[in-house]
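Put chain B on the given structure of chain A with help from the hints.
Below, each chain spelled out in residue letters.
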Amino acid sequence: MEQRTITTEHGSGGAATSELIDGIFAKAFDNPVLAQMEDSAVVPGADEIAVTTDSFVVDPLFFKGGDIGRLAVCGTVNDLLMRGAVPKYLTCGFILETGLPLEDLEKIAESMAATAQEAGVTIVAGDTKVVEGRGGLYVNTAGVGFAPCSTIGARQIQPGDVIILSGNLGEHHAAILSERLSIDTDIQSDCAPLVDMVGALMAGTVAVHGMRDITRGGLGTILKEMAEASGLTFELEESRLPVTPKVRDFCSLLGLDPLYMGNEGKMAVMVPESDADEALRLIRMSAYGTHAAVVGRVCAGEPGEVMVKTAVGGQRRIDVLRGEGLPRIC
Amino acid sequence: MSDLDQTLAAVKARLKAYDGPRMRIMEVCGSHTSAIVKNGIPGLLSPKIELVAGPGCPVCVTPTDYIDRLIALSKEKDTCVVTFGDLLRVPGSSGTLMQAKTAGGRAAMVYSPFDTLALAKAEPETTFVFAAVGFETTAPVYALLLDQILKEQIPNIRFLTAVKTMPPVIDALCAGGADVQGFIAPGHVAVVIGADAFKPLAEKVQLPFGVAGFTGRHLLAAIDGIVRARGRGVVMNFYPEAVAQGGNAKAQALVAKYFEPGDALWRGMGVIPGSGYYLKAAYRRYDAGSRALQHDRPMNAACRCGEVLKGTISPKDCPLFKTACTPLHPQGACMVSAEGNCLSVYNEN
Chain A
251 MEQRTITTEH
261 GSGGAATSEL
271 IDGIFAKAFD
281 NPVLAQMEDS
291 AVVPGADEIA
301 VTTDSFVVDP
311 LFFKGGDIGR
321 LAVCGTVNDL
331 LMRGAVPKYL
341 TCGFILETGL
351 PLEDLEKIAE
361 SMAATAQEAG
371 VTIVAGDTKV
381 VEGRGGLYVN
391 TAGVGFAPCS
401 TIGARQIQPG
411 DVIILSGNLG
421 EHHAAILSER
431 LSIDTDIQSD
441 CAPLVDMVGA
451 LMAGTVAVHG
461 MRDITRGGLG
471 TILKEMAEAS
481 GLTFELEESR
491 LPVTPKVRDF
501 CSLLGLDPLY
511 MGNEGKMAVM
521 VPESDADEAL
531 RLIRMSAYGT
541 HAAVVGRVCA
551 GEPGEVMVKT
561 AVGGQRRIDV
571 LRGEGLPRIC
Chain B
280 MSDLDQTLAA
290 VKARLKAYDG
300 PRMRIMEVCG
310 SHTSAIVKNG
320 IPGLLSPKIE
330 LVAGPGCPVC
340 VTPTDYIDRL
350 IALSKEKDTC
360 VVTFGDLLRV
370 PGSSGTLMQA
380 KTAGGRAAMV
390 YSPFDTLALA
400 KAEPETTFVF
410 AAVGFETTAP
420 VYALLLDQIL
430 KEQIPNIRFL
440 TAVKTMPPVI
450 DALCAGGADV
460 QGFIAPGHVA
470 VVIGADAFKP
480 LAEKVQLPFG
490 VAGFTGRHLL
500 AAIDGIVRAR
510 GRGVVMNFYP
520 EAVAQGGNAK
530 AQALVAKYFE
540 PGDALWRGMG
550 VIPGSGYYLK
560 AAYRRYDAGS
570 RALQHDRPMN
580 AACRCGEVLK
590 GTISPKDCPL
600 FKTACTPLHP
610 QGACMVSAEG
620 NCLSVYNEN
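Quick note, the sequences are listed as chains A and B, same order.
For the first sequence, the residue numbers in this note's numbering are 251 to 580.
For the second sequence, the residue numbers in this note's numbering are 280 to 628.
For reference, chain A alone in the conformation it holds in the complex:
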């Protein structure tokens, strides 16, 4: 049987477009707001909202531990969470290349729906365009979250805070690179919505000062940016950084540095030292936070610097990632 794929007709705005929307997206994302099929979604609101948007171009579309659909939901949901907000609504815009198998699109839509359900968000609006191409797919998601927490931000970080990492470094990056290089590893992408872990932190008694998810550029880049914004020094201990032996071997094989590898379901949190144990307990309650660890601390020292005490006792200064890193990782 011939495989059905996206054709220019699917972008016509006519019958074929409707078929695509009804047959795949409306079916997968089914909810009363979307079902109205109006020009925009009208939804209940809140006083203050967090808003964000992100585009996803990952290659390949499917990888161990996830796919572009799950990634597109997690990325935007996690960005909302990092401001302490409760993610509520998502929109999604697809750009489909001709030649994309409809079966793949269906799988991606179903994966988005399942991840949205896991994250407790509703996909309330969407759009589809078709361009000539070689079977690729790009997706943009925008998100709205309620009740952001105004006291979380790099400028709230204090000397004496500890730096907590919610889990192992580098897994998404290593999974994508394994696919691209056809290296047979069983490293899975860590792509995940951090709703339960952040929810628990926000509901608890922990004073969260800083929170950032670790995406492109890796832990090194986000910490350097946060250190600069806070005007403080971050000190890390290499021996405390959680990295699985598999990812560590993978990195040494390819000359990569786990500090600069992207994750898609990990975050760094800064809390007062007195709250560290409770924060760890709450994060570890999540299925995505079992390997959480305190990896360093904040001090006054040199403003904007990130220093690592290396495993052999040396000092290493960390800068943001330079050069391209790995393109099309998310």
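These are calculated hints, taken from the structure and not from any lab test.
Where a beta carbon is used, it is the ideal one built from N, C-alpha and C, also for glycine.
Errors might be hidden in some of the hints.
Unchecked claim - Here are the simulated DSSO-like cross-link-like pairs (lysine-lysine), alpha carbons at most 30 Å apart as the crow flies:
1) B/Lys478 <-> B/Lys529
2) B/Lys380 <-> B/Lys354
3) B/Lys559 <-> B/Lys529
4) B/Lys601 <-> A/Lys559
5) B/Lys291 <-> A/Lys559
6) A/Lys379 <-> B/Lys380
7) A/Lys474 <-> B/Lys595
8) B/Lys529 <-> B/Lys400
9) B/Lys291 <-> A/Lys496
10) B/Lys559 <-> B/Lys536
11) A/Lys277 <-> A/Lys314
12) B/Lys559 <-> B/Lys430
13) A/Lys496 <-> B/Lys529
14) A/Lys474 <-> B/Lys601
15) A/Lys496 <-> A/Lys314
16) B/Lys483 <-> B/Lys536
17) A/Lys379 <-> A/Lys277
18) B/Lys559 <-> A/Lys559
19) A/Lys559 <-> B/Lys327
20) A/Lys314 <-> B/Lys400
21) B/Lys595 <-> A/Lys559
As the list claims (entries may be wrong) - Now the in silico label distances, taken between C-beta atoms and shown as ranges:
22) B/Asp426 <-> A/Thr257: 34 to 44 Å
23) B/Asp426 <-> A/Ala285: 53 to 63 Å
24) A/Ser489 <-> B/Lys595: 23 to 33 Å
25) A/Ser502 <-> B/Asp426: 25 to 35 Å
26) A/Thr257 <-> B/Lys400: 17 to 27 Å
To be verified - Examples of chain A residues lying across from chain B (beta carbon under 7 Å, computed):
27) Thr560
28) Ala561
29) Val562
30) Gly564
31) Arg566
32) Arg572
Chain B only, in chain A's frame:
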């Protein structure tokens, strides 16, 4: 403390307390340069032990003629240059491959040389020129790629080679009077050519060579060994788990099948006799003009990459360092690669 930790502690104590004659130790491998920074090694040494990066980063030592040739090829009709990412940003005499690409040249970035096979099969009317830079380490990979091209009879792949060899360049540095009292011998190169390959050289220049791996422990052990062997022409293998004395015979045979030694031009260092590998005459039809590359004119006349690569100046002594030459706007090759001498120092400070 375990035995291993006790040994490490003893090595660290010795290296911190060293008060003998000044030792300037050169590493000639980009991965070592980056591992030294990553592990914070310099801070663990006595002020009398200085580490200096030599010509060990393949991208750094590639002369401008090579980049210019890649740029010219990228602009030829039905031709696409295939390269690792770093090379895209290395300045030739008047620009980079990246700039040529935005001006209509064709260059594809790959993670593995073998990706070229799929590119070539998908577009049989296009000639794909692989930018084969590197040292003894990558030569077997290129040989394997050519092996596959011959087996599959793929007609539209060529190589522009700039494959260089380590012992001759170290020899040339020493002959030039380099102020160096020992070498950290390149671990990956030694996996292929063997620790013994450095023996004649060590005996000739009467300096200690320590073959090292890439962890902090490996590096400290090698530096300690080199310091203790000061003034002696010996080769010590501190990476025996990966490096055999005789190297990897299979890889050597593969290289010998397709490549032959020849004189090679190094950025800022001139032509060094016998320091390169070129495709043998029988396979010359797969070459895109590698032997014709004889010039080396830096884009910025003030660039001192050559002296940096020879270890005669520190990157900080170059007038362009951190002023005109930065990671985002590199003027010379040493500021481009993550393993580059200048970028390493830039990131360290």
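Each hint tested on the structure:
| no. | hint | verdict |
| --- | --- | --- |
| 1 | B/Lys478 <-> B/Lys529 | holds, 21 Å |
| 2 | B/Lys380 <-> B/Lys354 | holds, 8 Å |
| 3 | B/Lys559 <-> B/Lys529 | holds, 18 Å |
| 4 | B/Lys601 <-> A/Lys559 | holds, 26 Å |
| 5 | B/Lys291 <-> A/Lys559 | holds, 15 Å |
| 6 | A/Lys379 <-> B/Lys380 | holds, 28 Å |
| 7 | A/Lys474 <-> B/Lys595 | holds, 23 Å |
| 8 | B/Lys529 <-> B/Lys400 | holds, 28 Å |
| 9 | B/Lys291 <-> A/Lys496 | holds, 29 Å |
| 10 | B/Lys559 <-> B/Lys536 | holds, 8 Å |
| 11 | A/Lys277 <-> A/Lys314 | holds, 25 Å |
| 12 | B/Lys559 <-> B/Lys430 | holds, 17 Å |
| 13 | A/Lys496 <-> B/Lys529 | holds, 27 Å |
| 14 | A/Lys474 <-> B/Lys601 | holds, 19 Å |
| 15 | A/Lys496 <-> A/Lys314 | holds, 14 Å |
| 16 | B/Lys483 <-> B/Lys536 | holds, 29 Å |
| 17 | A/Lys379 <-> A/Lys277 | holds, 18 Å |
| 18 | B/Lys559 <-> A/Lys559 | violated, 49 Å |
| 19 | A/Lys559 <-> B/Lys327 | holds, 23 Å |
| 20 | A/Lys314 <-> B/Lys400 | holds, 27 Å |
| 21 | B/Lys595 <-> A/Lys559 | holds, 25 Å |
| 22 | B/Asp426 <-> A/Thr257: 34 to 44 Å | holds, 41 Å |
| 23 | B/Asp426 <-> A/Ala285: 53 to 63 Å | holds, 60 Å |
| 24 | A/Ser489 <-> B/Lys595: 23 to 33 Å | holds, 31 Å |
| 25 | A/Ser502 <-> B/Asp426: 25 to 35 Å | holds, 27 Å |
| 26 | A/Thr257 <-> B/Lys400: 17 to 27 Å | holds, 26 Å |
| 27 | Thr560 | holds, 5 Å |
| 28 | Ala561 | holds, 6 Å |
| 29 | Val562 | holds, 3 Å |
| 30 | Gly564 | holds, 2 Å |
| 31 | Arg566 | holds, 4 Å |
| 32 | Arg572 | holds, 4 Å |
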